[in-house]
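Protein chains: 2
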Amino acid sequence: MKHLAATIALLLLSLSKAVPGAAGTRIHPDLGITFTLNAPEARAVQVAGGDGLGAGPYSMTRDAEGVWSVTTPPAVPGFHYYWFVLDGVVVSDPASDSFFGYGKPTSGIEVPEAGADYYAISQVPHGEVREKWYWSKTTGEWRRAFVYTPPGYDKNPRTRYPVLFLQHGAGENETGWTRQGRAQFILDNLIAARKARPMIVVMDRGYAARPGQELVSIDGNTPLERVKAAFSVFEGVIVQDLIPVIDASYRTLPDRGHRAMAGLSMGGMQTLFIALHHLDMFAYIGSFSGPIAPDLDSPQPLSHAQKRFDPLTAYDAAFANPAAFNSRVKLLWLGVGSAEPEFFRAGIGGAAEALQAAGVRRVYVESNGTAHEWQTWRRALNDFLPRLFR
Amino acid sequence: MKHLAATIALLLLSLSKAVPGAAGTRIHPDLGITFTLNAPEARAVQVAGGDGLGAGPYSMTRDAEGVWSVTTPPAVPGFHYYWFVLDGVVVSDPASDSFFGYGKPTSGIEVPEAGADYYAISQVPHGEVREKWYWSKTTGEWRRAFVYTPPGYDKNPRTRYPVLFLQHGAGENETGWTRQGRAQFILDNLIAARKARPMIVVMDRGYAARPGQELVSIDGNTPLERVKAAFSVFEGVIVQDLIPVIDASYRTLPDRGHRAMAGLSMGGMQTLFIALHHLDMFAYIGSFSGPIAPDLDSPQPLSHAQKRFDPLTAYDAAFANPAAFNSRVKLLWLGVGSAEPEFFRAGIGGAAEALQAAGVRRVYVESNGTAHEWQTWRRALNDFLPRLFR
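Chains as they are written, first to last, in the numbering used here: chain S, 102 to 491; chain B, 102 to 491.
Chain S on its own, in the form it takes in the complex:
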């Protein structure tokens, strides 16, 4: 019986504790954030996170009871990953929900943006986000995708819908667009306002290796030819496995005029790589903060290759005939946050300029004041969706 009290305590563990967001983190009116961690025995605690939190890491101060805290300068609005560094170890905040980023579960905080309600859950009809397991011959594994079906999908069993394939960034996974990005609410709100056409959105996991092979390990110095090898396997998943499964499982409009692909950061790179190679399958293309990597056969890393963007040769000469491209591709959307590092702004902005100069029709949108973070990509999606399938 010695476990009795503990067992019942566990059984009926504080219901209030079970509610994320109730705990120690506080956002002040100026958007400064106070982080706290109860760690009486720790010697040093810091907090750090995404660019929108400011420079960081911020050293925390211990009070007499052993609770460490710090208040950051005003943060940029939007979703920011963050973590504690507890005696040298990067750990999640027990008071935060967890979000898959940086290749692992990571804490996150939502800093409200005044007047921005386009990603809020509102009193409008809501679609569903469905966990869809499918077998990939390319990788020899069961894979999980999430599929947004719009409001009314089940009630209109003869209606068919266009499809957007929407990819996360490096270190994230197929949960990112709905958990961090709130894509389902952006869609619900746009559809309710008749600003976007009801559509199906498919969010897959952007990592793939052939059976028996290890996933390619990539960092900033990896030659682009190795990046290409990794993307090629994922291309097989999308083109040979996922699209046929989606067209067989849902009431899609299964033609290129009703199929789009977009992604953020690495997902934007993948989108350009895959969609520009398969213009017979996609008429709408979006790259949100996706670095321009025109020459994936290069033995050089990305930082070098991006500088050599040439609209005539880039992406296997997909843009070489601008008139043909313009008549075939209904939308090429490029964007970046104005507070992103020079590498992204210069590369993406430069490519957008060169494409325009070459006569390639594209949309280029800068998100004002936001970094290489989710607020940039929520805004991108909110701008991108109304332009689809018109």
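None of these hints come from the bench; they were simulated from the model. It is possible that some hints are incorrect.
[Claimed, not checked] Between beta-carbon pairs, the in silico distance windows are:
#1 D356/B to K256/S: 19 to 25 Å
#2 R311/S to S223/B: 21 to 27 Å
#3 T172/B to G167/S: 30 to 36 Å
#4 G460/B to R127/S: 55 to 61 Å
This structure is a prediction, so every number in the text was calculated from the model and none was measured. Don't be surprised by glycine CBs; every beta carbon is placed ideally from N, CA and C.
Add chain B to chain S, keeping to what the hints say.
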């Protein structure tokens, strides 16, 4: 440009790192587990977790490079929560996926059970798990439930299905049954083997408070009358909000003969509280390791009340007329793990015995060798589902 290398490194963060389970934890053939944590500056690291890991906490040993490790005694098969204690702070393992338990994201490890494939993802048709947002008048909030729809649901637009409402335990949430419990695969496998009838399964969040009120904070010493107050609000959510939404949104068979409720631990308590009060709505009832709490008007805590189980008066005299109960309720399923604490075994086993002695038809199943953990509840679900809607 100083951020360039770091930014690209972040952008193209190791793809292999993005795959959970690839990291430091190893399960040995004898089911002992080696846990590791890289923490050169830490002074003390322990690992602890669910009962199936053994007594714990286990002190870890630092090697020359600052990596701490320990190998536990052989674990019980199944899913176990675990966590590190890093210089006195409970933290998640960065190498683990996160699972909502203990009121927060928690690490978890899956220890294989030899010969148990009923919860594996198999080469059978798979249902979908849908994220369903609905408005609750009871709580004045948008709530999220997960809804399993069986294979073929979309292909058979005139077929209607029975519905099981299935609840998680204390400290967990609506993700528990699919993430930890693998309920969708148990269903897929049983349905493919024609051992269970295709059905819809609804998994809601077992916490509810009226608008403007705080969630009731409960621990093992909370008087049962306060537990009842909390459960009553959740009862309103299920009966007044969720069931109508499910019947309006999905092709259900919306009558008591095709509606079941079950839950684990706290969810079992809630099931008995709600379903036994609404026998006009539920014909099938399951409580998996759910403590028997017959007298929720009591000012006493659970440990006291459970001892006073009397089939004639318990649950507002729901069992007082055994013949009437037996003709009305198609299934009353009670179960517990043989390795659970005495509190659970004695209370649940005792109630099952008293019910049988009183002439109440019930099924009572003990799970051999498993604790108050998910392996007990996977087995319970696998036993329970084939008995439904026959």
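* Quick check: which numbered hints come out false for this structure? -> none
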